[in-house]
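Colleague: Heads up: the sequence lines are chains A and B, in that order.
For the first sequence, counting from 1, position 29 maps to 16 in this note's numbering; every step adds exactly one.
Just remember that this note's numbering sits 1 ahead of the position in the second sequence, which is counted from 1.
All the pointers check out, no bait thrown in.
Which bits of chain A does chain B cover? Going by a derived footprint, with three or more residues having C-beta under 8 Å, they are:
| no. | region |
| --- | --- |
| 1 | 140 to 148 |
| 2 | 163 to 172 |
Partial list, computed: chain A residues near chain B (C-beta under 7 Å):
| no. | residue |
| --- | --- |
| 3 | R151 |
| 4 | G152 |
| 5 | L153 |
| 6 | G154 |
| 7 | A155 |
| 8 | Q159 |
Quick caveat, the hints were computed from the structure, so don't treat them as lab data.
Just so it is clear, CB atoms sit at the ideal spot from N, CA and C, and this is done for glycine as well.
For reference, the chains in residue letters:
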Amino acid sequence: MRSTRSNAWLAGPALALVALLVVPSMVLLVRLSLCQPAYGVGFYRADSFTWENFTRLLSPEFAPLIGFTCLFGLAVMAGVLPLAWLLAWPLRASGGGRLMIGLLVLLAPRLAGMLAPLVALRLLLPRGVVSAWLAEVFLITPYAALVLLVHLRGIDWTVLAAARGLGARDWQVWSRVGLPLAWPGLWLVGQLALGWGLGAFLGPDILGGPIGRTLATDLHHQAFDNSRWPLAAAEGVLLLVLVGAVYLIRPFGLTRENHP
Amino acid sequence: MMNGSAPSLAADETVPLLCLEGVSFSHGSHEVLHDISMRLQRGALTTLLGPSGSGKTTLLQILGGHLKPFRGTVWLDGTDATHLPPESRGLGLVHQHLALFPHLTVERNVSFGLEVRGKPIAFALEKARATLQLVDLPSDTWTRRPDSLSGGQRQRVAIARALAFGPRALLLDEPFTALDRGLRQRLGGELKRIQRETGVTTLLVTHDQEEALALSDSLVALREGRLVQAGPPAELYQRPRDPWLAGFLGEANLITRGGFLRAEAGECLLVRPEELVPGDQPDSGDYRLQGPVRNVVFRGADSLVTFEAAGLVWKMALAGTEVPRPGEIMKAILPATAGWNVTRGCRP
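Please take these sequences and the hints and turn them into a complete structure.
Modeller: Below is the structure:
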């Protein structure tokens, strides 16, 4: 009870920021998504109300875009998970200098900022879905690895030796002990990567080309090229719902015993 | 599972279950274990005793197969097991920090060793529950997670987990270290009972000499990676072959000045505090000690009185309530039959 209260106090500044900045923006976004388009006169019709933008968004016209966005998110997640594991696992029990060097290696690509590596990738790779996917995996992997590393370092890994001592073969040690213990961290990384992938903009925009369009790039296109703000806002709401749903899913298997 | 091509001494009851021959181990340039040779007799509770940093845990890890010795051989049931992996040794190891699986319930922790050996889950759980009964763990805890148990209950789970799959031997790495004294003693007694009931060969690692003396059938003393002495606890306590061991196993008067009990100058004479008796009427050959009391420590069953006499400082165990206070004169007798000449390895 006491720790819950102190956690709430610690989260206070973040909650205040959310209340002041994010909530009003989201309210405005939702409101805008329920406005009628301006049909060439301005960006939207104030004081209007319609579901038209959502019905259009959920029509077959947008199904390929939404489907591709979801697939792209899943693909980013699939790419990030093994990479994050490979980066975090060796550092799970390291200390001192080895950990520092590991963290530097982990974070070095991100120290160059976000655009510079993308420009480099643009020069190296042809435009297309694969390049966009590579870019997004490249962007989110260091963060994902850090999240996983924090989780893995909180686990007492002597249990692996204990499992071997009890007669478990390497695969049994992995499937019955290692994986179940790492599972909540992997789940979190999966959520992070999927959420990131669903909202992917930079990679598809710079490297994706015409076939690599996602909800985020289309939102940009609708807002700034077509001046259809209400439709763009509806896409924004849909993205928020998708990403929110991903983050709200409870880690599967966290409360049950894990058996191969 | 054993290495079929390995040389075999024999596979009968006369062969020690676990045997180390000339085992050495180093961490870089630091030699942790030096030429250790020891054997565990079947069905006995052997204690590996030594101070922190003496190499006890390393030795246990080598026995368990988690570390490879730099030199020497590990024999298991008469077969060379030096390079046998832990999962093929069939030894139940209780780790210092227990290493219980936090994601599994108590009974699934205990059935783990049977499950990974391919036993049906129903059989494994039945065996696990029987073992949990053996270690006296209340049945309402069996379906809980280890982190919801008390320290003592977790110890019992760890012991049950190591026992449930029917190990060749049980290895315990300071399992009671984190517990309070009362619980430590009670669980020590429980361990002894379980060991007697199951007859499992047991090696207990500890730095607690009281625990070692109370529980062991056999005791192995280790210091700075070297084996100091091995034998029954009473032998090591009463007839140590090393002054350090004499002091490590309990309160001791270590006298290196000649003139007492036919010891010569430079020889080390051990007199336990309980060997001194209060009084001032010595028999023929006894020594009369008289001098001021420096300190008195109440120990519950008795008091440890430190006093000066004959130019030496003596410690004496005094039972009862009539204990002198610091500054008063203590009168004691050192019987001619008391003591142990550590240097010569004989009675006076």
